[in-house]
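Novice: Single-letter residue listing:
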Amino acid sequence: MKYLCLELYKLKRRKVFLTFVLILGVELLFVFSNYGNNENFLGMIYDPNAPAWEDLIVGPATMNGLFLPILAAVIASRICDMEHRGNTWKLLECNNENRKAIWFCKFTVVAVLMLAAILIQALVIVAYGNAVGIVEPLPVKTLWEFVLGTVMVTFVVVTIQVFFSLVFANQLVPMSIGMIGALIGFISTLLPTGIRNILIWGNYAEMMVLGQDTSSGNLQSSELVVRNIDFLPLTILFIVGLIAFVLFEKKFQKYEY
Amino acid sequence: MLINAIRAENLKSRHSNMWVAVLILPLLTAAIGAIIYGINASANLYDGAVWQQLWLQTGLFYGYFFFPILIAICASYLWRLEHTNHNWNSLMTTPVSRSIIFIAKLVVLTKSILTAQVLLMVFIIIVGKVVFRFEQPIPINMLWWLFMGWFSALSVGAVQLYLSMRIRSFAVPVGLAVCLSIGGLAFHIAGLSEMFPYSQIILGLSSQDEVLSIDSITTLVPMVLVYTVLFVILATNHLKKADVVAG
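Protein chains in written order, with this note's numbering: chain A, 17 to 273; chain B, 4 to 250.
By construction, these hints were calculated from the structure, which means they are not laboratory data. The C-beta atom is built at its ideal place from N, Cα and C for all residues, glycine as well. Some hints here could point you the wrong way.
Stated by the list, open to error - Just so you have them, the derived chain B footprint on chain A, three or more residues with Cβ under 8 angstroms:
id	segment
1	33-41
2	93-101
3	116-127
4	194-205
5	262-270
Stated by the list, open to error - Here are some chain A residues the structure puts well away from chain B; computed CB gaps all over 12 angstroms:
id	residue
6	E23
7	Y25
8	L45
9	F46
10	V47
11	S49
12	N50
13	N65
14	V90
15	A138
16	M191
17	I245
18	L248
19	I259
20	Y273
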């Protein structure tokens, strides 16, 4: 706990929170500014049988594949780069902060910020839906599933970003990984299910709770269908992420700076 | 003097890992473009100019977000060298004018951008010829698409270099690039693509499209140059007036 407080103290005047608010704010502004002009959504608001809430959840779910990997990469890089620049690794260890504590503190700070981003998204969805007066009852289960699924994928993304940001002094590497992750995450909705599940960031597409009904073979169908989030690939990814978390921690503990 | 400064910049980035990002992003973009094209082609959504369709599928999201992010990463890397190991002191005491320092970095950045564009074009040709076995000849216009994509990225390069010079963090300018890309998309949707660097890049990359009319080109080209010169002047003024923080 003491080291966690120290970690937060180190973030003072680093403008990490400003960057966080800016990126998340731009995402939410971009997503929710489109709903006001979306005839499809406006038509669903007063129809109790129309999936208006699901349509609202799909907005952030589509853009999360782009924004969350970049946000994780930027925050992780920001809080790890200061140790590289100041060459503080030996200093930290001399002050009894072992590698394990460093790893957990850095990971916790990034993970908490990412969790906050996801919860803020959920709150904005509920607030926006209530503000426009959606008649359909709020599908609480779907919303929680969206939050849980996004958290599971983001946990793995954060693990990757924190590890590479800690290990590479040259932040070009973790930022490039973040960029590639964002590319995969953003395009993933267009990829076939099997392929996108293999690609870590592609699993953000599983949170699309509303989609086109292409069961008739028409790829340009305008019929909407509510989908359940498939937690099987997400659970597999999460377990792999947990294993990676432990392996990365061990690797980091032995890493020579 | 400028040639020597460019040589020095080349030397500084010689053993960098910048090429990894410059190689992987076009490769991944081409692969994803091929998958999307393949899915749509199997549903018979295409006819006519197949090369144009393939380029469109590949370059669409690339121009919206990922090309600016790549430029931001390269720009951050070029200034990262100066922000570390007290190199600002060395840089500011070299007998080279401030504008030359910035322009040399811009030249090296544009070289990376051009490399990324050429690689993307090569990968698209491989996808078209080897994967989809297009019978249509490779259009000579591809060179024009390549050039316009590269040229319209100059203004973004200048903006990102300026941001990376002012902000000591490697990651923050990249994060800003994502936010500005959203702004670029908003400008593009509003039909003001020529007015904002991050939407100019979208317009330039869609040069195979009917969107890029002669009218657009006559506005786009001067606006790209205006933004590039503007940010070179801003950066030069900053380097002349502001005190550096070396560390």
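Novice: Now tell me if each hint is right for this structure.
Specialist: Now for the hints, and whether the structure bears them out:
{"no.": "1", "hint": "33-41", "in the structure": "holds (count 3)"}
{"no.": "2", "hint": "93-101", "in the structure": "holds (count 4)"}
{"no.": "3", "hint": "116-127", "in the structure": "violated (count 0)"}
{"no.": "4", "hint": "194-205", "in the structure": "holds (count 8)"}
{"no.": "5", "hint": "262-270", "in the structure": "violated (count 0)"}
{"no.": "6", "hint": "E23", "in the structure": "holds, 17 angstroms"}
{"no.": "7", "hint": "Y25", "in the structure": "holds, 18 angstroms"}
{"no.": "8", "hint": "L45", "in the structure": "violated, 8 angstroms"}
{"no.": "9", "hint": "F46", "in the structure": "violated, 5 angstroms"}
{"no.": "10", "hint": "V47", "in the structure": "violated, 10 angstroms"}
{"no.": "11", "hint": "S49", "in the structure": "violated, 8 angstroms"}
{"no.": "12", "hint": "N50", "in the structure": "violated, 9 angstroms"}
{"no.": "13", "hint": "N65", "in the structure": "holds, 30 angstroms"}
{"no.": "14", "hint": "V90", "in the structure": "violated, 4 angstroms"}
{"no.": "15", "hint": "A138", "in the structure": "holds, 21 angstroms"}
{"no.": "16", "hint": "M191", "in the structure": "violated, 5 angstroms"}
{"no.": "17", "hint": "I245", "in the structure": "holds, 22 angstroms"}
{"no.": "18", "hint": "L248", "in the structure": "holds, 23 angstroms"}
{"no.": "19", "hint": "I259", "in the structure": "holds, 25 angstroms"}
{"no.": "20", "hint": "Y273", "in the structure": "holds, 15 angstroms"}
Hint compliance for this structure: hints 3, 5, 8, 9, 10, 11, 12, 14, 16 are broken, all remaining hints hold.
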